[in-house]
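Asks: These protein sequence lines are chains R and A, in that order.
First residue of the first sequence: 1, per our numbering; consecutive thereafter.
First residue of the second sequence: 120, per our numbering; consecutive thereafter.
Just so you know, the hints here were simulated from the structure itself, not pulled from any lab data.
Any given hint could be a false lead.
Stated by the list, open to error - Far from chain R, by Cβ distances over 12 angstroms, these chain A residues were calculated: (1) P127; (2) D201; (3) F216.
Stated by the list, open to error - Cβ pair distances, simulated, as ranges: (4) R:N18 - A:A136: 26 to 34 angstroms; (5) A:E134 - R:I51: 43 to 51 angstroms; (6) A:P228 - R:V52: 45 to 53 angstroms; (7) A:N131 - R:S7: 32 to 40 angstroms; (8) A:D176 - R:A112: 20 to 28 angstroms; (9) R:A112 - A:P127: 43 to 51 angstroms; (10) R:V52 - A:A136: 46 to 54 angstroms; (11) R:R44 - A:S187: 25 to 33 angstroms.
Glycine included, every Cβ here is placed at the ideal spot set by N, Cα and C.
What follows is the residue order along each chain.
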Amino acid sequence: DGGITQSPKYLFRKEGQNVTLSCEQNLNHDAMYWYRQDPGQGLRLIYYSQIVNDFQKGDIAEGYSVSREKKESFPLTVTSAQKNPTAFYLCASSTAPDRRVWLAKNIQYFGAGTRLSVL
Amino acid sequence: RKEVEQDPGPFNVPEGATVAFNCTYSNSASQSFFWYRQDCRKEPKLLMSVYSSGNEDGRFTAQLNRASQYISLLIRDSKLSDSATYLCVVTQPGNQFYFGTGTSLTVIP
Numbered sequence: 001d002g003g004i005t006q007s008p009k010y011l012f013r014k015e016g017q018n019v020t021l022s023c024e025q026n027l028n029h030d031a032m033y034w035y036r037q038d039p040g041q042g043l044r045l046i047y048y049s050q051i052v053n054d055f056q057k058g059d060i061a062e063g064y065s066v067s068r069e070k071k072e073s074f075p076l077t078v079t080s081a082q083k084n085p086t087a088f089y090l091c092a093s094s095t096a097p098d099r100r101v102w103l104a105k106n107i108q109y110f111g112a113g114t115r116l117s118v119l
Numbered sequence: 120r121k122e123v124e125q126d127p128g129p130f131n132v133p134e135g136a137t138v139a140f141n142c143t144y145s146n147s148a149s150q151s152f153f154w155y156r157q158d159c160r161k162e163p164k165l166l167m168s169v170y171s172s173g174n175e176d177g178r179f180t181a182q183l184n185r186a187s188q189y190i191s192l193l194i195r196d197s198k199l200s201d202s203a204t205y206l207c208v209v210t211q212p213g214n215q216f217y218f219g220t221g222t223s224l225t226v227i228p
């Protein structure tokens, strides 16, 4: 089955610790995204990547880092600099903007999410 | 100004009712439009794309008004299983996706 897999489902971070959230997709999508969702809030973009070995900061990148060494993988590290990391983290992927794909099919698909809490 | 704005609700409606959600977007260069559904503590899932001519999928009808930069979702004959948060999503050039904060719907028996 094609899809996006996030792991772990739940994660606990100790103060001063860096933690890494995994995101893997087998949809052959070029673009991948990380969002943060706080209770009762909308999705806020942390980082996105349109192609391997390239990524861009989103609206709330401070305290986070990413890498995109492989097309199918886009891990997110929550660093100790992120002082309020407790949230629901969602990874998504979509087709690339430069492909001649009918725009209506440029849909974003989400993983099941990782819930991060601070101990 | 937010890229996408939605009435957060909550909307509490009886089974069988018709309910409509609205969404406005600020960038006239926006390209694609979608409604997603998000259940409690789950990821968002695509409900339907929104086309300029309007489109229907069973009990769900989506409309787009580019002149007014307005998107709507109509749910007819509401079911208990329709209870969820509905997210309006807009894309802009550069493959940027912008999400509304969502409209909460509870269908009451």
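Asks: Next, verify each hint and record whether it holds.
Replies: For each hint, the structure was consulted:
Its beta-carbon lying about 8 angstroms from the closest one in chain R, P127 (chain A) breaks the requirement of being farther than 12 angstroms from that chain. In this structure D201 (chain A) is separated from chain R by more than 12 angstroms, as the shortest Cβ-Cβ distance comes to about 20 angstroms. The non-interface label for F216 (chain A) is inconsistent with chain R: the shortest C-beta to C-beta separation is roughly 5 angstroms, within 12 angstroms. For N18 (chain R) paired with A136 (chain A), a C-beta distance near 49 angstroms fails the hint of 26 to 34 angstroms.
For E134 (chain A) and I51 (chain R), the Cβ-Cβ distance of about 47 angstroms falls inside the hinted range of 43 to 51 angstroms, so the restraint holds. A C-beta distance of roughly 50 angstroms is found between P228 (chain A) and V52 (chain R), which places it inside the suggested range of 45 to 53 angstroms. Checking the proposed 32 to 40 angstroms range against N131 (chain A) and S7 (chain R) shows it holds: the Cβ atoms sit about 36 angstroms from each other. At roughly 24 angstroms, the beta-carbon separation of D176 (chain A) and A112 (chain R) lies within the given 20 to 28 angstroms, and the hint holds.
A C-beta distance of roughly 24 angstroms is found between A112 (chain R) and P127 (chain A), which places it outside the suggested range of 43 to 51 angstroms. A hinted range of 46 to 54 angstroms for the beta carbons of V52 (chain R) and A136 (chain A) is consistent with their spacing of about 48 angstroms. One distance hint, 25 to 33 angstroms for the beta-carbon pair R44 (chain R) and S187 (chain A), holds here, with the actual separation near 26 angstroms.
Taken one by one, the earlier hints fail for this structure at numbers 1, 3, 4, 9, listed in ascending order.
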